[in-house]
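> Given the coordinates of chain X, work out where chain L should sit on it, guided by the hints.
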Amino acid sequence: GENVEQHPSTLSVQEGDSAVIKCTYSDSASNYFPWYKQELGKGPQLIIDIRSNVGEKKDQRIAVTLNKTAKHFSLHITETQPEDSAVYFCAASITNTGNQFYFGTGTSLTVIP
Amino acid sequence: SAVISQKPSRDICQRGTSLTIQCQVDSQVTMMFWYRQQPGQSLTLIATANQGSEATYESGFVIDKFPISRPNLTFSTLTVSNMSPEDSSIYLCSVDSGTAFVNEQFFGPGTRLTVL
Chain X
1456 GENVEQHPST
1466 LSVQEGDSAV
1476 IKCTYSDSAS
1486 NYFPWYKQEL
1496 GKGPQLIIDI
1506 RSNVGEKKDQ
1516 RIAVTLNKTA
1526 KHFSLHITET
1536 QPEDSAVYFC
1546 AASITNTGNQ
1556 FYFGTGTSLT
1566 VIP
Chain L
25 SAVISQKPSR
35 DICQRGTSLT
45 IQCQVDSQVT
55 MMFWYRQQPG
65 QSLTLIATAN
75 QGSEATYESG
85 FVIDKFPISR
95 PNLTFSTLTV
105 SNMSPEDSSI
115 YLCSVDSGTA
125 FVNEQFFGPG
135 TRLTVL
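If you read the protein sequences in the order shown, they are chains X and L. The numbering of the first sequence is the numbering used here, which starts it at 1456 and goes up by one. The numbering of the second sequence is the numbering used here, which starts it at 25 and goes up by one.
The following block holds chain X by itself, in its conformation from the complex:
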């Protein structure tokens, strides 16, 4: 089955700096890659996703890039703010196969004011 690895496990940045979280996947058939943000005591919230027919997607300060050849995708957060502090999870799945999501191990991001 699919194996998703995520790095780093913890990340601290100064407010205003950029943060990058990287994930790799093993199954070349995976074609949907969402990112979730989980704040303390809450469920994961979908913040951005990318499909395999796209190389990059942006939404304000958040962007995701996908390299299908290398089987890795990354989350980029620019101009970080303290409210960006949370745990971020990447995931991979194959469309039309029961929506099985394979999650990474999570990155705890701390933005230092």
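I should point out that these hints are in silico values taken from the structure, not numbers from a laboratory. Treat the hints loosely; a few may be bogus.
As the list claims (entries may be wrong) - Label pairs and their in silico Cβ distance ranges:
1) K1513(X) - E110(L): 39 to 49 Å
2) F85(L) - T1550(X): 16 to 26 Å
3) Q65(L) - G1456(X): 35 to 45 Å
4) V1509(X) - T41(L): 43 to 53 Å
5) V27(L) - T1550(X): 19 to 29 Å
6) G1510(X) - R39(L): 50 to 60 Å
7) G84(L) - T1550(X): 18 to 28 Å
8) P95(L) - G1456(X): 25 to 35 Å
9) S93(L) - D1482(X): 40 to 50 Å
10) P91(L) - T1533(X): 40 to 50 Å
11) R1506(X) - Q52(L): 20 to 30 Å
Claimed, not checked - 30 Å max Cα-Cα, derived DSBU-like pairs, lysine-lysine:
12) K1477(X) - K89(L)
13) K1512(X) - K1526(X)
14) K1497(X) - K1477(X)
15) K31(L) - K1492(X)
16) K1497(X) - K89(L)
17) K1492(X) - K1477(X)
Backbone N, C-alpha and C fix where the C-beta goes; we use that ideal spot for every residue, glycine too.
Okay, now just chain L, sitting in the frame of chain X:
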């Protein structure tokens, strides 16, 4: 996106008892999922619950321990049976986007379970 609620939000239970967690969605959805998130860990899929059919369990999870009901397109329950301290986790339900072949999943707020 769908609005998902879970009850209870948290509970403290005694070893050997059972707890039923409810998941309610504000719109009809085809697929509902139950996940377990152990402290400081990632999300592990327990089972997929489709209305009108038996739930499909992932490796390591069995129906006797985690029975699931899915009586209609907006509601599901997960029971954690004969609990032990190892069952202490956050239990999350999620739903698909409701659009065929789109793959988006949205999560409820979770149920934080502590077993003593």
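> Given the range 25 to 35 Å, decide if the beta-carbon distance of P95(L) to G1456(X) lies inside it.
30 Å, holds
> For the pair P91(L) and T1533(X), does the Cβ-Cβ distance stay inside 40 to 50 Å?
Holds, at about 46 Å.
> Can you confirm whether the C-alpha distance between K1497(X) and K89(L) stays at or below 30 Å?
25 Å, holds
> Kindly confirm whether 39 to 49 Å is satisfied by the beta carbon distance between K1513(X) and E110(L).
42 Å, holds
> Does K1477(X) sit within 30 Å of K1497(X), going by the straight-line distance between their CA atoms?
Holds, at about 23 Å.
> Does K1512(X) pair with K1526(X) here, judged by a C-alpha cut-off of 30 Å?
Roughly 16 Å separates the two Cα atoms, so the pair holds.
> Checking one constraint from the list: CA of K1492(X) to CA of K1477(X), max 30 Å. Satisfied?
14 Å, holds
> Are R1506(X) and Q52(L) spaced within 20 to 30 Å by their CB atoms?
25 Å, holds
> At the C-beta level, are G1510(X) and R39(L) separated by a distance inside 50 to 60 Å?
With Cβ atoms ~51 Å apart, the hint holds.
> Take a quick look at whether K1477(X) and K89(L) sit within 30 Å of each other, Cα to Cα.
With Cα atoms ~35 Å apart, K1477(X) and K89(L) exceed 30 Å; violated.
> Taking 35 to 45 Å as the stated bounds, is the beta-carbon spacing between Q65(L) and G1456(X) within them?
18 Å, violated
> Quick check on a hinted range of 40 to 50 Å for S93(L) and D1482(X), using CB atoms only.
32 Å, violated
This entry does not satisfy hints 3, 9, 12, going by the numbered hints stated previously.
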